[in-house]
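Student: Chains A and B, in that order, are what the protein sequence lines are.
Per the working numbering, residue 76 is the first one in the first sequence, and the count goes up by one each step.
Per the working numbering, residue 288 is the first one in the second sequence, and the count goes up by one each step.
Everything labelled a hint here was simulated from the structure, so no lab data went into it.
Values in this document were obtained by computation on a predicted structure and should not be read as measured data.
Any given hint might turn out to be false.
As the list claims (entries may be wrong) - Calculated pairs, DMTMM-like style, for lysine to aspartate or glutamate (alpha carbon to alpha carbon, straight line, at most 25 Å):
no., chain 1, residue 1, chain 2, residue 2
1, B, K412, B, E461
2, A, K260, B, D346
3, A, K77, B, D414
4, B, K354, B, E313
5, A, K260, B, D411
6, A, K260, B, E315
7, B, K359, A, E266
8, B, K456, B, E420
9, B, K305, B, E315
10, B, K412, A, E266
11, B, K412, A, D264
12, B, K359, A, D264
13, B, K471, B, E461
14, A, K260, B, D414
15, B, K359, B, D506
16, B, K359, B, D346
17, A, K260, B, E461
18, B, K354, A, E266
19, A, K260, B, D506
20, B, K456, B, D506
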Amino acid sequence: MKHAILGAALLAAYVGVPLLFGGTPYVMGLIVAALTIAGVALAWALLGNLGGMVSFGHAAFFGVGSYTSAVLSMKLGVPVFAALLLGGLGAAVASVAMLPALRLRGPYFALAILAYAHIFQILATEMTPITGGAGGLLSIPRFPTLFGLEFGGKTGGYVIILTIILLSAFVYDAVRRSAWGLALKAMHDTEIATRVIGVPSTHLKAAMLALSAFITGVVGAFNAHFISFLEPDYAFSSTWTVLPIAAAIFGGYRTVWGPVVGALAIYLLDQLVFKPILPHGHQMVLGVLLCAMILLSPGGLLPVLLRRRRSEGGRHAHA
Amino acid sequence: MLTLEGVHVNFGGVQALKSASFAVAEGESIGLVGPNGAGKTTLFNVISGVVRPSGGRLDFRGQSLLKLPEWKRARLGIGRSFQIPRPLGHCTVRENLIVAQRFGARTNDPQRIDEILDILNLRDKADSDAATELALTEHKALEVGKALATNPSLLLLDEVLAGLETTSKRAFMERLGAVRDRYKLAMVIIEHDIPTIAALCPRVLVLNFGQIIADGAPDAVFRDPEVIRSYTGETTL
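With the hints as constraints, model all of the structure from the sequences given.
Tutor: Following this line, the structure appears as structure tokens:
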């Protein structure tokens, strides 16, 4: 039953959505943007859930990933799909610079990461020969056509970002279910109790930071090749931190799929419903929705939906 | 197996341990006693790596422990429990042991986990939430279980019998004896109950104001006037 649902969901995602919206590039573009936010939201939630760290600096990983991939493909001729992975690797390497912040806890860690994010933005602005400086990079290579499939368009981009998210969620879930996941969850409450039974807690947290940075970097790299343009103010914009956090909290950051559901819900609702009604200030409605969600269901949207499904299942079973 | 020489610990102006020196042999059981604030838990913290000593030598099987973090000491074979139980949150009893085994012993041996659950009488609670669904005795047993799952050769038990009523205490003591015999462990046990210590340990160390004031067989140690004075302020009991 579970496999059938999974198969149907994958079929709907890979075939149904392109068939339904492939002819309307505007909607497909919005879905791709929502999934881009979803990718960062998932990586942010992974760091919070497993690493116990609240980050206000994921824009740094997004920006580093996008610039690394763009520069490698433009200046060194690295194939775009390889550059995508190297973008993630670049972001993971950038996370090494943040390791000293792992000694910090709670808001102090969050603020330190925020400061690090600004350092990378300044570097991107100042390293003009490589990054193009404040003017940015134009004509970043788009995704190629492979096996007759055109990945450079909106539908092709959708397939790529969907695959990135599915693979990221798979890795996240695998880590969460492993002994690493158990140790990481346990560390939040009592780190010293885990260390005395052999858990190298700092190494594990660093690994989660690197994994989260890698996923965010790959998503950033995807975005760079999808829109084919980059500038520091855009690539390192706080939007890449704030929107994913809002999405993760709205959807349910404690679950693997909550951040994805949250990103799709808030971005598509905002762009397709609130924006046409309130062209100026539509984000306010989003803010109210987020507040309502936090007050009424702090666990987020996905746990509510799952509870409802279970209770309906229970009613059908009794009937 | 474990040697301490001139170990001292300062917390600001307070000397929590003053030149502590003793050795633990393979398979030996030692009782560590002393009044509250004597430095017993600090000594465990130093051996397990939770506290860095201000000076002295600390070797385990010929290797200096001084620069090793807690998790590396656990992997060398030093297991410990905490006085106030610290179950791993969001985990079942079995998962607590799995984490300890995978990281501390770096093995995956479900049979040994079951064996530990049985020996500590935790089998019925294996799938219970460790943080919220255990009674005090079970919490204490889980503390011992986590340490055991790391496959230690030296077990440091910090007041695992404290707070238990007489029947539970007796049963727990029997379990500790079984653990020691089954796994051929060296043990250092902090405990205030003198008959318990005398029954479990052929050797007793007494700490007072951070200093080891007696080291020997329980009968001799508990008749030592300095030991009596440290507990009662008098020279006779």
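Student: All hints, please: hold or fail.
Tutor: Verification of the supplied hints:
Of the supplied pair hints, the one linking K412/B and E461/B holds, its CA atoms being roughly 20 Å apart against a limit of 25 Å. At most 25 Å may separate the alpha-carbon atoms for a hinted pair to count; K260/A and D346/B exceed this at roughly 32 Å. Using a Cα cut-off of 25 Å, the hinted pair K77/A and D414/B holds, with the two alpha carbons roughly 24 Å apart. Taken as a hint, the K354/B and E313/B pair is honoured in the structure, with Cα atoms around 23 Å apart against an allowance of 25 Å.
For the hint linking K260/A to D411/B, the alpha-carbon distance of about 24 Å falls within 25 Å, and the restraint holds. With a CA separation close to 36 Å, the supplied pair K260/A and E315/B exceeds the 25 Å bound. Under the criterion of a C-alpha separation no larger than 25 Å, the hint pairing K359/B with E266/A is consistent with the structure, at around 15 Å. For the given pair, K456/B sits about 20 Å from E420/B by alpha-carbon distance, which is consistent with the 25 Å threshold.
The suggested pairing of K305/B with E315/B holds, with an alpha-carbon distance near 24 Å, which does not exceed 25 Å. Straight-line distance between C-alpha atoms of K412/B and E266/A comes to about 23 Å, which keeps the hinted pair within the 25 Å bound. Straight-line distance between C-alpha atoms of K412/B and D264/A comes to about 21 Å, which keeps the hinted pair within the 25 Å bound. As the CA atoms of K359/B and D264/A are separated by approximately 21 Å, the hinted pair is consistent with the 25 Å bound.
Proximity of K471/B to E461/B is assessed by CA-CA distance (about 15 Å); at most 25 Å being required, the pair is judged to hold. For the proposed pair K260/A and D414/B, the alpha carbon gap of about 17 Å is at most 25 Å, so the pair holds. For the given pair, K359/B sits about 37 Å from D506/B by alpha-carbon distance, which is inconsistent with the 25 Å threshold. A threshold of 25 Å between alpha carbons decides the hint, and for K359/B with D346/B the separation of about 13 Å falls inside it, so the pair holds.
About 33 Å separates the Cα atoms of K260/A and E461/B, which puts this hinted pair outside 25 Å; it is violated. Straight-line distance between C-alpha atoms of K354/B and E266/A comes to about 19 Å, which keeps the hinted pair within the 25 Å bound. Distance check on the hinted pair: K260/A and D506/B sit about 47 Å apart at the alpha-carbon level, beyond 25 Å; violated. Distance check on the hinted pair: K456/B and D506/B sit about 22 Å apart at the alpha-carbon level, within 25 Å; holds.
Checked against the numbered hints given earlier, this structure breaks hints 2, 6, 15, 17 and 19; the rest are met.
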